[in-house]
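Undergrad: Once you have looked at the hints, place chain U with the ligands on chain S.
Line order of the protein sequences matches chains S and U.
For the first sequence, the working numbering assigns the number 1 to the initial residue and increments by one for each residue that follows.
For the second sequence, the working numbering assigns the number 1 to the initial residue and increments by one for each residue that follows.
These are computed hints drawn from the structure, not numbers from a lab.
Predicted, not measured: the structure shown is a model, and the values here were computed from it.
A hint or two may mislead.
[Stated by the list, open to error] Beta-carbon label-pair distances, calculated as ranges:
| no. | chain 1 | residue 1 | chain 2 | residue 2 | range |
| --- | --- | --- | --- | --- | --- |
| 1 | U | S194 | S | S204 | 41 to 47 angstroms |
| 2 | S | D37 | U | P201 | 17 to 23 angstroms |
| 3 | S | V257 | U | E38 | 44 to 50 angstroms |
| 4 | U | H131 | S | V27 | 46 to 52 angstroms |
| 5 | S | G179 | U | L112 | 36 to 42 angstroms |
| 6 | U | M177 | S | Y178 | 52 to 58 angstroms |
[As the list claims (entries may be wrong)] To spell it out: a stretch of chain U is covered by chain S in this simulated footprint if at least three of its residues, at any positions, have a beta carbon under 8 angstroms from a beta carbon of chain S; those stretches are:
| no. | segment |
| --- | --- |
| 7 | 21-27 |
| 8 | 50-56 |
| 9 | 85-95 |
| 10 | 99-113 |
| 11 | 204-214 |
Cβ atoms here follow ideal geometry from the backbone N, Cα and C, with glycine treated the same way.
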Amino acid sequence: MPTEEHVLPETALDVVTPACHEEEYEVVYHKPATMVDVHMHYCPGCAHSLVHKLIMEVVEDMDIQEKTIGIAPVGCSVFAYDYMDIDMQEAAHGRACAVATGIKRLMPEKYVFTYQGDGDLAAIGIAETLHAVNRGENFLIVFMNNAVYGMTSGQMAPTTLPGMHTTTSPDGRDVSYYGAPIKVAELLANLPGAVYVTRQAVNSANGVRRTKKALMNAFKYQQQYKGTCLVEIIGNCPSNWKMTPAEASRFIDEEMVKTFPLGDIKLPQPDNLKTV
Amino acid sequence: MADYKLMKGNEAMAEAAIQAGCDAYFGYPITPQSEVLEYLAREMPKYNRIVMQAESEVASINMVYGAAGAGFRAMTSSSSPGISLMQEGISYMAGAELPCLIVNVNRAGPGLGTIQPGQGDYFQSVKGGGHGDYKLIVLAPASVQEMADFVFLGFDLADKYRNPVLILSDGAIGQMMEKVQFHPYTRPLVDKSSWATTGKPKTRDRNYITSLFIQPERMEKHNLKLEEKFKRIRENEVRFEEYNTTDAEYLFVAYGLSARICQKAMDIVREKGIKIGLFRPITLYPYPYKRLEELATQVKMMLTVELNSGQMVEDVRLGVNGKVPVEFYGRMGGMMPTPEDIVHHLETLIQYHHAN
Ligand SMILES: Cc1ncc(C[n+]2csc(CCOP(=O)(O)OP(=O)(O)O)c2C)c(N)n1
Ligand code: SF4
Ligand SMILES: [Mg+2]
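One chain only, chain S, in its complex shape (with noise of 0.2 angstroms):
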């Protein structure tokens, strides 16, 4: 149920749009060109459609769009590339990190990243994420970490918080039972095959322009340094939460950055740089 402060004044439901003369104002923000011109299937307050624009800024302030090749996961983002105005492949359940390795090695010029739920990239796919980063492989991983299953409505993912409520742990995620939620970005970074490793999340303006920088960062990496990035992003679910979009963001405050702290985790180094 939404609580007060979250309901609409009455008045605002009532606010006609005075009619708008474009000339008169001074642009001061606009949706990336990279970005295609349609309604989103998103949920409101879902993290993937912010997520999808800041990457298709990031495309478009550093002007590689023809550069530039994603791959889409199974999840709620499975429908990215309707968004994306670039060039993508949409990869089985869990096979994105397979299928970016074939693109890459093929054409080690482009920037390649793959866009993956916590479901796609933790559970089902996690040994071809493991190895394409054991193996450095050189693209970028936008992981979507929202704890559940979004798409098919909210079971229970690998990173489900302890106690957590989801459809398949009705009476919370049992740890004895089913073990902790996985780092992630902890556990990859681990491997000498990630340069850049980093956790943020976008419930707040400050987290979206941080989220933003660290997938800047990521992607300018891809040409200087050998070895793989990945970008975890604590996404909000508020329909499969049970909460409002404010809630959730709440949540993510309050709950989720207990167990996924957001920072970075590991930077890229010197030895890492790619040599001319």
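TA: Positioned in the frame of chain S, the structure of chain U with the ligands alone reads:
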């Protein structure tokens, strides 16, 4: 004329991949086909091509997916248990219409089975294998020469139809040594720019590779499009070979290694004055139903010989459609019939059908 070389089937296949311009090979070791990865690990870097030992066959086929989706000639090979693991990726590639070459050096199963040759993967190869409505073009080599030749043919067919092609070989053809000749080859020009993900220039719409069609109307349309393609394949790509069929009263039907054994059996039977021929399907999909139907008006009986418990025999019966008896003889689990076994079986059947 090119020189003859003495090579193992698996090595001939690997060499052919290089000569066919294969840009990338991804594989995982498994007997009896590990020589392919070993050969390519040694040779591919010399041509600046990509060769990679993946962490599993699941990864191999998905690496092939990525490379093929970017417009490159990509290939993998394995043996039965590994091919089972690839079925998901193969279904996705068929759904996304990606060309690639897959080789199965069939060993006997089910399960871990044995490393000895078998033909138990016939159904998996020609009837789908993975989920959904799709077909692979399936080529069945019966010699080391064909192991090589079908790599060129397979890549070309894959590109022509934007569909995965499977070479269904077996442990014996893969391991045996025979002379083989490599002919000069020119790769047909195929324009992949309308779909390959090479990076989107401003001048074209984005390309994306997918097998997802969430609206049922679109899904059906896509399936109909695929079916139309499979129909064209059925009309244009049927391949087979016949031996001694002109005057044949009886017919062996066998593919791959079984056809080799039947050839010996045929010679023995012919010496005894029995007019027998051999029909060898080369494409297992599309299957040469029509020619078998014609032959059914000529011969009195067909004997299908396979290294399994009777799989292709169902397709022979579909083609023959009850016109003449279609019998089956098989050994399995890595056991091989001798030509004499087959002759004996044939003679018993001839007597039986004569008496009835
Ligand atoms: C082989 C296979 N198994 C199961 C599924 C069903 N499935 C689709 S999405 C999904 C989970 C997605 O969760 P996640 O990766 O966390 O992405 P989210 O939707 O949360 O962003 C599952 C299990 C599938 N498509 N393929
Ligand atoms: S279910 Fe969750 S992850 Fe999926 S679109 Fe809705 S909010 Fe986003
Ligand atoms: Mg998830």
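Undergrad: Hint by hint, note whether the structure agrees.
TA: Structure-based check of all given hints:
| no. | hint | in the structure |
| --- | --- | --- |
| 1 | S194(U) / S204(S): 41 to 47 angstroms | 43 angstroms, holds |
| 2 | D37(S) / P201(U): 17 to 23 angstroms | 19 angstroms, holds |
| 3 | V257(S) / E38(U): 44 to 50 angstroms | 49 angstroms, holds |
| 4 | H131(U) / V27(S): 46 to 52 angstroms | 49 angstroms, holds |
| 5 | G179(S) / L112(U): 36 to 42 angstroms | 29 angstroms, violated |
| 6 | M177(U) / Y178(S): 52 to 58 angstroms | 53 angstroms, holds |
| 7 | 21-27 | holds (count 3) |
| 8 | 50-56 | holds (count 5) |
| 9 | 85-95 | holds (count 3) |
| 10 | 99-113 | violated (count 0) |
| 11 | 204-214 | holds (count 7) |
In summary, the numbered hints that this structure violates are 5, 10.
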